[in-house]
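K.L.:
Each chain is listed here by its residues.
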Amino acid sequence: MIESIDPGQVNWARAQFAMTAMYHWIFVPLTLGLSFLCAFFETIYVRTGTPEWKRLTRFWMSLFAVNFAIGVATGIILEFEFGTNWSNYSWMVGDIFGAPLAIEGILAFFLEATFFAVMFFGWDRVSKRMHLFSTWMVALGSNLSALWILVANGWMQSPIGMRFNPETARFEMQDLWAVVSSKVAISHFAHATSSGFLLASLFVIGVSSWFLLKGRHQLFAKRSIAVAATFGLLSALFVAFTGDEHAYITVQTQPMKLAAMEGLYEGQVPTGLIAIGVVNPAKKTGDDQPPFIAKVEIPGLLSLLAHRKFGTFVAGIDDLVWGNPEHGVVGVDEKIRRGTLAVTALADFKQARKAGDDISAQIALDEFRQHEEYLGYGHLQTPEEAVPPVGLTFYSFRTMVGLGTFFILLFLLFLYQSARRGLEKNRWLLKLGMLSVLLGYVAGQAGWIVTEVGRQPWAIQGLLPVGVARSNLDTGTVALTFFIFLALFTTLLIAEVKIMARQIALGPEGDAT
Amino acid sequence: MPGKIVTFYLDGFRNMRLGRTLWKIILLKLVILFAVVKWLFFPDVLKVNYDSDAARAEHVLQRLTQRLEMEAECD
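Sequence order for the protein chains is A and B.
Residue numbering for the first sequence follows the working numbering, beginning at 1 and increasing consecutively.
Residue numbering for the second sequence follows the working numbering, beginning at 514 and increasing consecutively.
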């Protein structure tokens with residue numbers, strides 16, 4: 001990429017953003033899922049009138065409150081980082097992100113100021129139905145807030161509904177509906193929020209398993225498990241469905257990411273799926289080394305998953321980097337050529353504007369429009385730069401999918417033992433339930449690694465590489481703020497775990513919201 | 514009606530127990546984030562370094578075409 005880039009600074013800025021986003025995603029999925037579980041518990045209370053369900057609802061609501069309070073505003077830090085570490089990017093996307101983030105901010109404010117207050121202050125002060133309505137609104141509102149953030153992220157993965165304005169150097173919104181209804185954004189939202197439901201179900205099961213292992217609040221714990229395992233199973237199945245859909249869309253919008261997820265270098269007809277494998281770390285695109293040291297391959301399956309059809313061609317990294325005319329794949333080398341034309345036209349446009357030469361500016365603009373979809377490639381120097389880290393993407397993807405499959409079995413086991421009234425007798429299952437809370441977080445983080453690492457080197461897919469998106473700052477400054485945030489987030493996480501553990505130890509009798 | 518709403522909120526805050534700790538954490542966090550971290554370490558780089566939107570646009574455009582300009586200089 002550009003000669004003057006300090007890779008140390010870019011990497012510190014990337015690391016800082018990744019760390020902030022990963023910590024943020026510790027708090028967010030639990031909020032998304034636990035809000036719905038609280039709504040389910042309260043609905044049962046309102047329908048049955050049984051005080052036990054009210055006690056149960058209030059207990060989980062108190063844990064929801066802890067998580068929400070500790071997690072709130074951790075996402076704001078990402079916005080700080082945009083303005084400081086990624087100022088060029090921030091300038092360029094301001095028009096696109098402004099609308100979704102403003103909607104999110106207004107929605108969150110009204111939601112928190114009204115329904116949150118009724119949910120926490122309104123027990124015995126408003127009618128049962130009004131309280132239940134507020135709890136549902138908090139659940140819906142929290143998840144709708146996530147929609148806007150994921151729409152913004154989806155746009156970065158597949159930029160549509162906009163046009164680059166070379167006068168202002170900004171991407172300008174042309175069609176808000178196209179941005180909001182983009183299939184990437186929708187599948188992203190469905191997959192991410194349902195993974196939050198799954199995690200929250202694991203959390204409820206994990207805490208309830210602890211109660212059962214300790215012989216405390218047994219009826220309370222069994223009721224919680226029955227609801228959470230049902231919701232968890234449905235969520236896990238939906239996560240699998242949306243994950244498959246998401247991968248299918250990725251083939252069309254980010255084929256390089258899909259190739260990295262699969263460790264696929266040379267596409268074949270049909271293409272097999274590597275179920276388990278050890279990636280060869282020495283493998284580079286275009287060389288003769290094998291991509292895997294060891295692998296278990298399912299013949300033809302990737303063709304089916306990628307194109308919904310057996311015997312189809314799936315492009316590999318080498319095909320995408322060097323091109324494959326036989327299968328109509330344009331290589332990165334060709335995209336760099338077109339991207340360079342776009343950048344050249346942009347430079348000509350700038351110069352002509354400065355000189356007040358409107359005719360030359362218009363000619364340059366017309367030239368730019370012909371190649372603008374490859375703008376980002378004009379900043380790459382070699383085709384290999386378009387390849388994301390394959391090993392990390394490959395292993396993270398398998399971690400996520402493997403754990404997702406395991407969770408389906410786990411929820412089934414919990415449901416089965418709940419129905420047989422055999423939960424207390426299977427202490428190993430209860431211990432596994434507790435461990436699975438941690439595994440739920442691992443799966444969620446692995447999913448985000450696939451999403452974000454797999455799309456490198458792009459800040460905006462195909463249009464803006466991270467090296468151009470960043471600000472010109474000292475490496476030391478970015479490294480310093482990395483450690484400040486690390487300390488801040490770790491403190492918050494410790495606070496969350498401590499307060500949460502205290503509330504759990506108090507149990508449903510200790511409700512004190 | 515407005516009086517009832519105010520009373521609702523006041524009573525709610527007054528009767529909080531766990532909520533008190535959580536509010537303290539939220540307020541402390543916001544002070545650290547906005548009064549310390551944002552103010553000291555996270556300036557809006559383009560806002561601080563450039564006076565107008567036109568100057569900011571010019572800077573970003575320059576970054577977008579920098580590679581070519583550097584290559585031209587080398588030639």
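Hints were generated in silico from the structure; no laboratory data involved.
Heads up, a few of these hints could be off.
Below are the DMTMM-like pairs computed for lysine to aspartate or glutamate, each with C-alpha atoms no more than 25 angstroms apart in a straight line [said to hold, decoys possible]:
| id | chain 1 | residue 1 | chain 2 | residue 2 |
| --- | --- | --- | --- | --- |
| 1 | B | K551 | A | E297 |
| 2 | B | K551 | A | E424 |
| 3 | B | K551 | A | E384 |
| 4 | A | K128 | B | D524 |
| 5 | A | K354 | B | E571 |
| 6 | A | K214 | A | E424 |
| 7 | A | K128 | A | E79 |
| 8 | B | K551 | A | D474 |
| 9 | A | K309 | A | D348 |
| 10 | B | K537 | A | E79 |
| 11 | B | K560 | A | E104 |
| 12 | A | K183 | A | E52 |
| 13 | B | K537 | A | E297 |
| 14 | B | K560 | A | D95 |
| 15 | A | K309 | A | E297 |
K.L.:
State the violated hints by number, sorted upward, taking the hints as numbered earlier in the document.
P.N.:
Failing hints, ascending: 1, 2, 3, 7, 9, 12, 13.
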